[in-house]
Amino acid sequence: HDISITMDAEEHENNRKRPSQGPYSNECGKKMKQQEEECGKSEQHDYRGFASLPTDVLISILCRSPASDHTSLRNTCKSFRTTIDSAAYKGERATSGWAEVSTHLVSGEELYDRENLNGPEDVSLSDGDVDEDATEEERAAALQWKITEKRAEEMVEYGYSELGCMDQDYGYHDIHVDIEVDGKRCGSIHLVLLPRGVYHNYPFHEAADAHSSELQMVGVRLCDSAGRLKVRSIKNAELISGEAGKGGFLHIKTVRINEAYQPMDCTNIVSEAVRSALSEPKLDGKWTLVTAISDYQVYMTKKEMEFKRKIRYSEGGNAEEKERADKRFWECALLDTKTLLRVGFKQIAET
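One rule links them: number in my numbering = place in the sequence shown (from 1) + 49.
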């Protein structure tokens, strides 16, 4: 919402344009000067009054502004800039529901550029690429062409695809999704898509095992070697739609987000991000069943993680601290379970 200070601008403009014999040389001029001074004082007083509000009040006011206005607000004054950049402001946006959450599926081309910041290595011009009398511009253009050609070859060789990176042996995709809050990248989601049902007798267990022990554990418990459902609770639910037993198998591997957007263990941002990721247009029609395992690391802060590692490797902590760390571990796991339930997941009865 726009917040402005109003005054009689029309009268002020008319007085400013009115001719006079000299600068404030008569009664009319004096009156004009007095009005201008009063307007200036009013503007200055009101502005300083707004910017000097208590921090919590200022956060409550500004957090209702759309993300598209944040740049303008930050450029208004130092007080606004400090407020908008603070962790408290991000936390208020998250808990109050004003934060704008979106996701972006990173294509294979983008992923390649992120992993190869300087482009393909060892690319140079050789004899025959350009004429001996070629200009510097022509040589530069020829080199750029070779770099582009080598980049395209490497993308195919290493399995970069529209969805991210595809395994050459089993055809599964590692998919990376950026989490954006208020227009800024602040986290990521890692998905794995197995093309179950796309190929006849797809080696589902082998593919899951080739990817990771976590996916192998999930895959073996839920499906047979060809990817067909074998868990009764899911099969009973599948009878309603008839779709979950065939089609792509999607698994949420990890979710990581800036802890500033999780104040007081708030699950709003992660829930919206996961829901948005599963609705990515590029994934439309590519999966019929999605799974996830509750992950305590989603909500555990860096400080808590460091302390947990120290306790795990007997580097510190008394009995009380170890008990507190263990309690926090389960709290974070339950928070991620809550997040998944908010998105629409259902707990598998047999697990």
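Among the hints, erroneous ones may be present.
Stated by the list, open to error - Across the chosen pairs, the derived CB separations fall in these ranges:
hint: 1; residue 1: K387; residue 2: E149; range: 19 to 25 Å
hint: 2; residue 1: K127; residue 2: I397; range: 33 to 39 Å
hint: 3; residue 1: E149; residue 2: V269; range: 38 to 44 Å
hint: 4; residue 1: H153; residue 2: W379; range: 46 to 52 Å
hint: 5; residue 1: K295; residue 2: G177; range: 39 to 45 Å
hint: 6; residue 1: I196; residue 2: G334; range: 20 to 26 Å
hint: 7; residue 1: S274; residue 2: W379; range: 22 to 28 Å
hint: 8; residue 1: D218; residue 2: S328; range: 45 to 51 Å
hint: 9; residue 1: E159; residue 2: E255; range: 26 to 32 Å
hint: 10; residue 1: N307; residue 2: I196; range: 47 to 53 Å
As the list claims (entries may be wrong) - List of simulated lysine to any residue pairs, SDA-like, C-alpha gap at most 20 Å:
hint: 11; residue 1: K351; residue 2: E380
hint: 12; residue 1: K357; residue 2: E369
hint: 13; residue 1: K371; residue 2: I342
hint: 14; residue 1: K359; residue 2: K331
hint: 15; residue 1: K331; residue 2: N165
Simulated from the structure, these hints should not be mistaken for lab results.
Being a predicted model, the structure only gives us computed values, none of them experimental.
Where a beta carbon is used, it is the ideal one built from N, C-alpha and C, also for glycine.
*Run the structure past the numbered hints and jot down the numbers of the failing ones, going up.*
2, 4, 5, 6, 7, 8, 10, 13, 14, 15
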